[in-house]
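All chains should be modelled from the sequences, with the hints used to inform the complete structure.
If you read the protein sequences in the order shown, they are chains A and B. Just so we're aligned, residue 70 is where the first sequence starts under this note's numbering, counting upward by one. Just so we're aligned, residue 19 is where the second sequence starts under this note's numbering, counting upward by one.
Simulated from the structure, these hints should not be mistaken for laboratory data. Among the clues, some could well be false.
Said to hold, decoys possible - DSSO-like, lysine-lysine: derived pairs with alpha carbons at most 30 Å apart:
1) A:214 x B:102
2) A:152 x A:141
3) B:102 x A:275
4) B:91 x A:213
5) B:235 x A:141
6) B:102 x A:213
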Amino acid sequence: MALRTLASKKTLSLALGGARPLAAAASARGVTTVALPDLSYDFGALEPAISGEIMRLHHQKHHATYVANYNKALEQLDAAVAKGDASAVVQLQGAIKFNGGGHVNHSIFWKNLKPISEGGGEPPHGKLGWAIDEDFGSFEALVKKMNAEGAALQGSGWVWLALDKEAKKLSVETTANQDPLVTKGASLVPLLGIDVWEHAYYLQYKNVRPDYLNNVWKVMNWKYAGEVYDNALA
Amino acid sequence: MAASALHLRLLPSPPAGLKLQQRRLGSRLPRQGGLSRRLSKVVSYYGLTTPPYKLDALEPYMSRRTVELHWGKHHQDYVDGLNKQLATSPLYGYTLEELIKEAYNNGNPLPEYNNAAQVWNHHFFWESMQPEGGGLPEGGVLQQIEKDFGSFTNFREEFIRSALQLLGSGWAWLVLKRNERKLSVAHTRNAISPLAFGDIPIISLDLWEHAYYLDYKDDRLTYVTNFMDHLISWDTVTLRMMRAESFVNLGEPNIPVA
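This is how it looks when you write it as structure tokens:
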């Protein structure tokens, strides 16, 4: 399934680490809207770690809603900027951060996951593998830390494996709601993100978030994380 | 319940010079005396209350499965978590409401805050609902709503709108604002409780996804509308309003706790 992402320049370069952006679709006003990216695997391909029902709802409902609301907010922002309505511009920031963040985060998330048959779950090799050993002691220690922080997160949010481009160090970060990782530090690059909003696991794991966290590693796409890592430090 | 005979009256602010009885939580702290407490090894302990109806009584608007999980697991976990924290915490001798205010620590919450607030919020939530609830309130409550919102329809719309405006996990509330002596709709994030701001909660609606995901998936709008139209216990609201009215008019009683 080809990845047909008509993404804005910013989201695409974020995802591809600076690659040449595709021609963006423009509305009549000139607002560059975003589109729901396709998954590179079937909804059921991540079972039994994540059920097909969850993947379908998560992608077709939740992510699609973020995309729609973000585009709507962009149009409203465009109108407010054109009119010079500063208070309207400021008031829209909440919707933009939430829905735009939701789109950014979930676009990364779909790439973070891979069916086991296609290499999902295989531990990282190469430079990222060594960096993990150096910054966390061992791969197991990293997984344990991310699981602990993910389980302890109150409410809705994400737990990230982050690369600080400037300091050239890895760290585990959490963000609330749909705040993108960059809100925790301008030089932070997301290598892996785990959605710990209840909608990401509730139908399957109910209230047992730790079980979800333990199982999601089985479909983790470390190859992608390694590519992002290498590109960021290139 | 003779709700229709009830007439609520929120008195206007008292003239300057007449002091209402104030709660002074700060003055309780010396009473704790760390040394004597450690010697006596007494700790605070809170229990899990039971919803005032059978677990399947709210169907079809809230399934038995949801109530079982929500109360039996989520609510229970908050209680267990709180008690575990209190075993080694200096916070002792508070009612749950006082503990919430104390642990909120003016916006810099202590670790106990989240569990304490969620224990209270969920208890308040179960009691805010009843089988065959919803519909219209009567008498004094309806009058107060009409006074503060213009009409019941306005209130209903505003409550639903506020619930949908909440981004992420949190709660929707109908509160009585103590100083303004008015009803008001609000939403809070995560475990934040209007108690922390000195307002008096009247209705709470859990908007964490665990509250509705099994029954409604991502359709928060239908969940909120069903709550409004079929689940709200106006009888409970009336009792709460009566209590709130006396607190606002006469001041909250300062009940010493052992």
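Results for each hint:
1. Distance restraint check for residue 214 (chain A) and residue 102 (chain B): the Cα-Cα separation of roughly 22 Å lies within the 30 Å cut-off, and the hinted pair is therefore satisfied.
2. With a CA separation close to 17 Å, the supplied pair residue 152 (chain A) and residue 141 (chain A) stays within the 30 Å bound.
3. Only pairs whose Cα atoms come within 30 Å are accepted, and residue 102 (chain B) paired with residue 275 (chain A) is accepted, the gap being roughly 23 Å.
4. Between residue 91 (chain B) and residue 213 (chain A), the direct Cα distance comes to roughly 24 Å. Compliance with the 30 Å bound is thereby established for this hinted pair.
5. At roughly 23 Å between alpha-carbon atoms, residue 235 (chain B) and residue 141 (chain A) fall within 30 Å of each other, so this suggested pair holds.
6. Distance restraint check for residue 102 (chain B) and residue 213 (chain A): the Cα-Cα separation of roughly 23 Å lies within the 30 Å cut-off, and the hinted pair is therefore satisfied.
Of the numbered hints given earlier, the model fails none.
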